[in-house]
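Asks: Sequence:
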Amino acid sequence: MPIKVAAPLCPKCGTPMAKRHRKSDGNPFWGCSRFPNCRGIVSVGQEAHHQDVPQRLQFKFPPSEYQAEIIKFALEGEGNAVVVANAGCAKTTTNMMVGNAVGDFLGVAFNTHIAAEWAEKQPQAKIKTTHSFGLATIRRVFPEVKIDDRKIDKIIQPSIDAQPLEDEDKKSLRHVVMQMVNLARATLSWDFDWLADRYGIPINGDEELVYAITKFALEQDMHMPKTVDFGDMLWLPHVLHLVPEKFPFILADEYQDFNNAQNELILSALAPGGRIIAVGDPNQSLYGFRGADVDGIPNAIKRLRATTFPLPVCYRCPKEVIKVAQMFVPSIEAAPGAKDGSVEFLSETEALKDVVAGDMILCRTNAPLVAPIYDLIRKGTKATIRGRDIGKGLIVLIEKFEPKSISLEETLSKLHRYAEREIGKLMSRDRANQAEAIADRVETIFALSEGCETVQGLKDKTASIFSDKVEGVVGSTIHRAKGLEADNVIIIRPDLMPHPMATKDWEVQQEQNCMYVAATRSKNRLVYAVKS
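Going by our numbering, the letters in the sequence shown line up with residues 436 to 967, in that order.
No wet-lab data here; the hints were simulated from the structure. Wrong hints could be hidden among the right ones.
[As the list claims (entries may be wrong)] Listed next, with one range per pair, are the computed distances between beta-carbon atoms:
| no. | residue 1 | residue 2 | range |
| --- | --- | --- | --- |
| 1 | D730 | S478 | 50 to 56 angstroms |
| 2 | D628 | A898 | 29 to 35 angstroms |
| 3 | R740 | S782 | 48 to 54 angstroms |
| 4 | D810 | I582 | 38 to 44 angstroms |
Think of the CB as a built atom: it goes at the ideal place given N, C-alpha and C, for glycine as much as any other residue.
With the sequences and hints as input, model every part of the structure.
Replies: Here it is as structure tokens:
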């Protein structure tokens, strides 16, 4: 039986068309809804309602058999669906194909880049990031709302200033409280003990003070809805019970990365009887440290009573890399016609000697990245470590041990004693995640200190080497590399995967995900570099 649609799809770009009338004679015709960017035309009466979905949808590549099943479910099925995808399998493109089929929908993207690309290709729909949709929800009740990125800073600073602490200790306290507040809002949790342990926040024995200021900040934040920051855009609609615009159909991209606040916001936007199709890869769930639910996909399947569909074909990785990925995710498949590529095991010296701009160097932690990236910089090759906020956090930690009269050597000595003391305390309390976070920060600072003569020199070097720009040679932890790809990917210190401090079930699963994500960044050559 033919698949019925409200309007034909444009034969040029695949977007649903709109009925128009010619100025010359008033006769109707179908015109592309992307006019004037696309000028596709179909005559009334010539609409093609094909039984075969791939023939009807116009994309650079026709839908695969897996994508066709998802599209048919969207048009003919009932209820919700979760698409369980693999790395490099065209998740966003699949959502666009489904969007072309259903016509009017809310599309929810994890980041602004994907949202912008999606909106440009499907202007008939409303495409938002979760944050922009949350802000729109707040504005339905508070139209005069203003954005202030320093809102939480302004709330907590008087409490911090009132403490009998040195200036650098106050900076450290502020940094920790900000982390607690942001994660509490992302997870919708007021269990501060759980948050500190789960996300590796270095409380450093100041639980009572940190928790008191965090609670105060959250309570004050709730009572200031006319001023919002980034975290409020997701949190305030939930805690203030704000009603968002409703939609009969929602498509969600990169669903494995959604935190609890994002998930509750989007599900609240479903109209009565509405449907959601969520696409995500549970094996790429790495943003647990930001508040994402590491079990988000299986939990969504249960909660939504969803029909599940596989999306196993990887269009990024060559055949040899796919063989490595299958050790972690057996269901992943190489695309038809994929090139062979290569997987090599070399010494670190050999692996890094011919690195050029566009290559990617990955590691489980930050500290081992410092030496090779800085070596490239000294040789005149543009190179950075991904994560500007990481650099800021390291500088805060350095300043905690930097009275003006102290030398760099003394600062590092105090930092070393601090790390030994705090890691020991955390491990004795079974808080391996926090211990790992402190260990990596301190090891990274020591790696950065090589060649520095002053504390200021160390801080300057730290600020210069960390960046959010993807250019030159990119060094990155695996967590920061998700969503990136390169022809040549070098993984250094593979012995750190799984991380030796990962002991809890969810930590072990995250380590497996790390190994899978690291391998599937490569489009051609994958190198495992063993330290010389």
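Asks: Confirm or reject each hint.
Replies: Verification of the hints:
1. D730 / S478: 50 to 56 angstroms: Given a distance of about 51 angstroms, which is inside 50 to 56 angstroms, the answer is holds.
2. D628 / A898: 29 to 35 angstroms: Once the Cβ atoms are compared, 33 angstroms apart, the range 29 to 35 angstroms for A898 and D628 holds.
3. R740 / S782: 48 to 54 angstroms: holds (52 angstroms)
4. D810 / I582: 38 to 44 angstroms: holds (41 angstroms)
Hint violations for this structure: none, all hints satisfied.
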